[in-house]
Amino acid sequence: MTEATTDDVVMRAIGITKTYGATRALKGVDFSIRKGTVTVLFGENGAGKSTLMKILSGVETPTSGTLELDGEPLQLRNTVDAADRGIAIIHQELSLAPNLNVRDNIYMGRERARGGVLIDYSSENATTVRLMERLEERLDPKTLVGDLRLGQQQIVEIARALAGNARVLIMDEPTSALSGSEVEVLFKLIRELTAENVAIVYISHHLEEALEIADHAVVFRDGDLVAIGDRNEIDLGWVISNMVGRDVGDLSPDLLEEFGEPVLSLENVVIADPSNPARLAIDEVSLEVRAGEIVCLYGLMGAGRTELLEALAGRTSIQSGTVRLKGRKLSKESVAERIALGLALVPEDRQRDGLVQTMSVGENASLANLLAFVKGIVLNRRQERTSIDKAVKDVRVKTSGPTAAISSLSGGNQQKVVISKILMTEPDVILLDEPSRGIDVGAKAEIFGLMAREAKRGLGVLFATSEVGEALGVSNRVIVLSKGRIVGEFNPKHTDREGLMVASGESTEAAEPENGLGK
Amino acid sequence: MTATTTGARPSTNGRGPGDKGGTAKREIDYLGILLEGRAFIALIVLIIIFALLSDSFLTFNNLLTMTKHVAYNAILAIGMLFVILKGGIDLSVGSTVGLSGVIAGVLLQGWQIDAFGVVIYPPVWVVVLCSLAVGTLVGYVNGLLVTKFSVAPFIATLGMLYVARGAALLISNGSTYPRLGGDPELGNTGFGIIGGGRLFGIPTAIWIMVVFALVAAFVLKNTPFGRWVYSTGGNERAAELSGVPVRRVKLRVYMISGFCAATTGLIISSELTSAAPQLGESFELNAIAAVVIGGAALTGGRGNVRGVLIGAFVIGFLSDGLVIVGVSTFWQIAIKGAVIILAVMLDQAQQRIKRSKNAALAASSHSEPTTTPSTS
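Quick note, the sequences are listed as chains A and B, same order. So for the first sequence, the numbering used here puts the first residue at 8; every next one is plus one. So for the second sequence, the numbering used here puts the first residue at 384; every next one is plus one.
Hints listed in this document are in silico derivations from the structure and should not be mistaken for laboratory results. All values reported here derive from a predicted model rather than from experimental measurement. Just so you know, even glycine gets a beta-carbon here, dropped at the ideal spot from N, CA and C. Hints may be right or wrong, so weigh each one.
[To be verified] Incomplete in silico selection of chain A near chain B, CB under 10 Å: (1) Gly72; (2) Thr313; (3) Thr365; (4) Asn371; (5) Leu377; (6) Ile384; (7) Leu416; (8) Gln421.
[What the hints assert, rightly or not] Heads up, simulated DSS-like pairs for lysine-lysine below, C-alpha to C-alpha not over 30 Å straight-line: (9) Lys604(B) x Lys336(A); (10) Lys397(A) x Lys737(B); (11) Lys397(A) x Lys604(B); (12) Lys42(A) x Lys195(A); (13) Lys400(A) x Lys451(B); (14) Lys737(B) x Lys34(A).
If we strip away everything but chain A, and leave its shape as in the complex, we get (with noise of 0.2 Å):
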């Protein structure tokens, strides 16, 4: 940036890039950080923000570019590295030990130990209660961590990167789990670390909360990072409108209009957090989605999209409540049943629930409906080929053949695949859970091509996001969730992205219609 700030520079990226297999996640990223200050990332899932901490941090190493630490070149090898640098990074996913009490974790890894063998345990119990003190959560430090609530565990997390002393502090969505007070003393305390000159570098899908702390804000979009600027130039829509950045028009395919009967109805549906049984995950949701229509639900993480539509697929069980297909009351169906019926779901994990990593393209497409070529008790393999052809050709995956290696597909190909399984089912109504996730946007143009497709086809489309671009898109309708319930549905050709943005707690902000950022 200007010449008069570099001096406060403390770490630097040049020209970073980051290609995982097919995907490439960050292109090119040049990034400072600057003491004293909090820098806040922006930008949507995958947008390459995490990628980027990954490697500031050394959890990852770059696939080329350099690091440098006050002016002097930078070679991270893992995070111990890091942390002897005096570089910490508090994860979005938690990586706390929960066999391990409150004080072994914040110590995992670097023991404090007398003459290097034995464990100084009671200056380590000091310094655990004093950091508790200072994040004003007075946790017994022999507590087990798998015994506190996950907003607790986070402040551990917390207290566990600010043991270290760092210089450069990390800080990828720590409020996720936090209640409100909470996040009054952490941001309390990013205040009094910056004080003491702590560079903070700050991720949060909550923009409003995220601008409040901070001092400069960079976004990024499909791993570019495409703007900077200081707390006094920006705002909200600043924010978002760069984060967005692209027509939305790429996205949307043309949609019907007209829709048939209902195919898919819920009402009062409940189902309890299956990492929590005491919670409820949803709670008493009720919409329809009609033959030919596209349904979205759009909300962010810890919403219950995932858990609707997994318990939908008859993958777990719902509490109460009622779930229709075409008229048929679903109970107690298996997913083999489900799918039979005409229910289907693209899971949002590809790599953990859609694809079986040790079969081929053809295998995998054929999986959920090998019944259908059973002749006798043998498989009819070259009807079932045939068929997979025609499937593979169908969404137009990119491969040498069905007997490819699937890990040979880029993202996008996979996912396809993955819709291809579905689609030979012959759903009446399929369900797709974050189908865009970790694919590029050529792919993900294709991918809600096939959805408008497939709705015009006749199927009943229920997809889940948490992109915004995407819930208004490509969407007849957008059911927002919060927190497991519904807090509102759109129009999304009457609708804005702060409507949404506003509707889902994402930002508090009253929206302006004339800001430039609707359509």
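Go by the hints and put chain B onto chain A.
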């Protein structure tokens, strides 16, 4: 990282319906051949070395005898393959071998029913069925423990290893059932044929192995069940979400393994015409070794019958060959272990190459516009 096309693309578009498969397909087959070829090459090398060291090694009779020994392990290993493909392990097969032999022994010697004061001598086919049923039942219990009670396969089958062995010892009271040839007057002769008979000059054990191998290969390749085994082992969550009856698949693979173990038990007791409750101790380890040498992944989802057969031959010929050339038993054990480790190390290397190749392919397909492959 420029968007120039790499080898894979032009070749797939090397069009013409007559051009079957294209280069990409040949590439994958080539890798597959290498993968299995490694164990096969090892087998050939073994045969050549032993043939050079001993005149009697490469005679027809010796080959037949060795192959018969291979068959015992191969039948177990085929059952084990199903379990390992699913991502599990079955440690109980050795004990099941012993138990099924004992069951056959009890029934052939006469099943005493005290309440009626009678002794029943069932015909041989009933004996065989009972024995197979007991073996399958052991597998069923393994399966139930794994699916319904979520016991880890290693622990469940380790427990059944002891339970089945204990049952065999209890039933037999620790002693061997001798002379299972049967009595013509009681109409239960013919048990000896299962393991001791010959068909076209070849021992029945070898025929049974061949039949089991063919059926297993067919089931794995040509039935939905086979595909389900692979997908459950490859990614259980994805399989489940695709509607694969994961629990049923798990139950079945353990039953298949138990059935195969019972078959081996019958063959060996038949050949010896006696059934010892100790029969089959540590057989499970040889079976696992055969599966692993044959290129199967213990994590599940990868492996095939051809590989398992080659693995069983490598282990069998190695043990018998070492005996023939007069290497001490202690060395035999150590050498066997080294071979297993070497096989898995090579397999890991091969998998690494394959993975990086696929990653490169994925990366090259990324920067290009998406198009359908223009076949036809």
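To see whether the hints hold, each was checked on the structure:
{"no.": "1", "hint": "Gly72", "in the structure": "violated, 13 Å"}
{"no.": "2", "hint": "Thr313", "in the structure": "violated, 12 Å"}
{"no.": "3", "hint": "Thr365", "in the structure": "holds, 4 Å"}
{"no.": "4", "hint": "Asn371", "in the structure": "holds, 8 Å"}
{"no.": "5", "hint": "Leu377", "in the structure": "holds, 4 Å"}
{"no.": "6", "hint": "Ile384", "in the structure": "holds, 6 Å"}
{"no.": "7", "hint": "Leu416", "in the structure": "holds, 6 Å"}
{"no.": "8", "hint": "Gln421", "in the structure": "holds, 8 Å"}
{"no.": "9", "hint": "Lys604(B) x Lys336(A)", "in the structure": "violated, 37 Å"}
{"no.": "10", "hint": "Lys397(A) x Lys737(B)", "in the structure": "holds, 27 Å"}
{"no.": "11", "hint": "Lys397(A) x Lys604(B)", "in the structure": "holds, 21 Å"}
{"no.": "12", "hint": "Lys42(A) x Lys195(A)", "in the structure": "holds, 17 Å"}
{"no.": "13", "hint": "Lys400(A) x Lys451(B)", "in the structure": "violated, 49 Å"}
{"no.": "14", "hint": "Lys737(B) x Lys34(A)", "in the structure": "holds, 27 Å"}
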